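Working from the sequences, and respecting the hints, build out all of it.
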Amino acid sequence: MIWLILLTAFILRLVSINQSLWLDEAININNAASLDLKSLVLNYSLGDFHPPLFHILLRGWILLFGTSEIATRIPSVILGVFTVYLTYLIGQKLFERKTALIAATLMATAPLAIYYSQEARMYMLAAALASLSTYFFISLIKKENLMLWFGFIISTALLLYTDYLPYLMIPVFIGYLFVNRQRIKKSTLRSFIPAFLLILILIAPWLIILPKQLQVGLSAAAASPAWAQVVGSPNLKSLAVTFVKFTIGRISTDNDLIYALLFAPVAAFIIFLFLLSLFRTSHLRSILWYWLFGPIFLAFIIAQFVPIFAYFRFIFVLPAFYLIAASAINTINWVPSTRLFLIIFLVINLIATIIYFMNPKFQREDWRQATNFVHANASPKTIVLFESNFPAAPFDYYNKNKVPSFGALSGFNAEYEFVKQNLKKLTEDKDKIFLFQYLSQITDPQGLVSQELFNLGFTSSRIRDFNNVGFVYEFIR
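Its first residue numbered 18, the sequence shown is counted upward by one per residue in this note's numbering.
Just so you know, these hints were derived from the structure itself, not from any lab.
These figures come from a predicted structure and were not determined experimentally.
Idealized CB from N, CA, C, for every residue including glycine.
Calculated pairs, DSS-like style, for lysine-lysine (alpha carbon to alpha carbon, straight line, at most 25 Å):
{"id": "1", "residue 1": "LYS442", "residue 2": "LYS419"}
{"id": "2", "residue 1": "LYS159", "residue 2": "LYS203"}
{"id": "3", "residue 1": "LYS160", "residue 2": "LYS202"}
{"id": "4", "residue 1": "LYS159", "residue 2": "LYS202"}
Here are the in silico distance ranges between beta carbons for each label pair:
{"id": "5", "residue 1": "MET164", "residue 2": "ASN430", "range": "52 to 60 Å"}
{"id": "6", "residue 1": "ILE318", "residue 2": "PHE488", "range": "36 to 44 Å"}
{"id": "7", "residue 1": "PHE167", "residue 2": "ASP53", "range": "27 to 35 Å"}
{"id": "8", "residue 1": "GLY83", "residue 2": "LYS203", "range": "48 to 56 Å"}
{"id": "9", "residue 1": "ASP53", "residue 2": "ILE372", "range": "36 to 44 Å"}
{"id": "10", "residue 1": "VAL364", "residue 2": "SER396", "range": "46 to 54 Å"}
{"id": "11", "residue 1": "PRO228", "residue 2": "PRO188", "range": "13 to 21 Å"}
{"id": "12", "residue 1": "PHE167", "residue 2": "PHE322", "range": "30 to 38 Å"}
{"id": "13", "residue 1": "GLU113", "residue 2": "PHE167", "range": "26 to 34 Å"}
{"id": "14", "residue 1": "ASP482", "residue 2": "PHE329", "range": "22 to 30 Å"}
Below, the structure written as structure tokens:
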């Protein structure tokens, strides 16, 4: 049965995997493909504000399989399926096989897990390693042996080399051990002290670099408060949205009231399941609640000072979400109720997943089509401009230097004198400009670049809107 679930998970993660790369994916891929290992780890990782493990693995993968959309996303597909299997194994450790199979089924069809299993970023690697670390942690609580300690130490250290929010799994583990210290063998509790020290030693080389990386991230946030709001603003709405996204994935509507009304029955069902799951809670099973809620609420507090709070950064707690739900579904020893609850949850998962597959609005930025539009309409005296200090990475990926492209700004924020001098130089002998207004509401809310193009004698001849990329303006003179 589990192999059928894993096959289903694999197939679902292959649907629409050839979507256009979006900004963060393209940045990752372009740098992993072009930089040497030292530069990738010590230079690129600083600006990306992530530890280097995924970048290193992606570089090795690209050397073997190339930089196509499908090739670069396959590692996340594999990691996504592996996370489903780990969810099953954890379910077996904590519950019976039936609950483990239900949890794996929910994780296999989870819309948010499917989405990020199709992305060339580190989030599914973090989910897999967090699940593996938790599996070893639970196993050690039940019964110690040397291989389990080795697995826990290595998987946790690798997790800390993958992403920063999973660092919050350490206080989760420590908090669980402290609260349940009377129920855990003293020898096991004592053994966790050298285990955490070994993890600290293994991660120490990167902790030396972390302060500099943190300084870069805080400087970027200070330079552009609007960008800081985009990447991780903490408020009650973003906290609520996290749990909404866990349930229905990326689908949404522009009207918050309609969104809330449509989601209300789903929310009531999820809350009911979580309350029902309390009847199956034990000191060992409570680790799921620590795993799910601990990182979210700790991150919410930290985000008051550092902009890190965004739902997609919590993919590593999704297995706990579905394990708790599965325990509730199988609470009552009555087959019809179990089937009914499972069917309702599967319907929610599959409807959200199908909407994602069918509606481009909920898919990734369509830079491929936007670049094709530029290529089809460019002349020898054409350049492409971006509302930033460099061309967008996805455009570079698809453009392959066919049409010259430049950033119109000097940094995060548009400065009129720089824009004026820069555009005068860049457009001196040009008769056609394509202006991408991607993220311009953050970097150039006053529209200084468009205004200066008009001042230089250009007129807007055509406007195209590309999915999640935004408007591309064609200027001629």
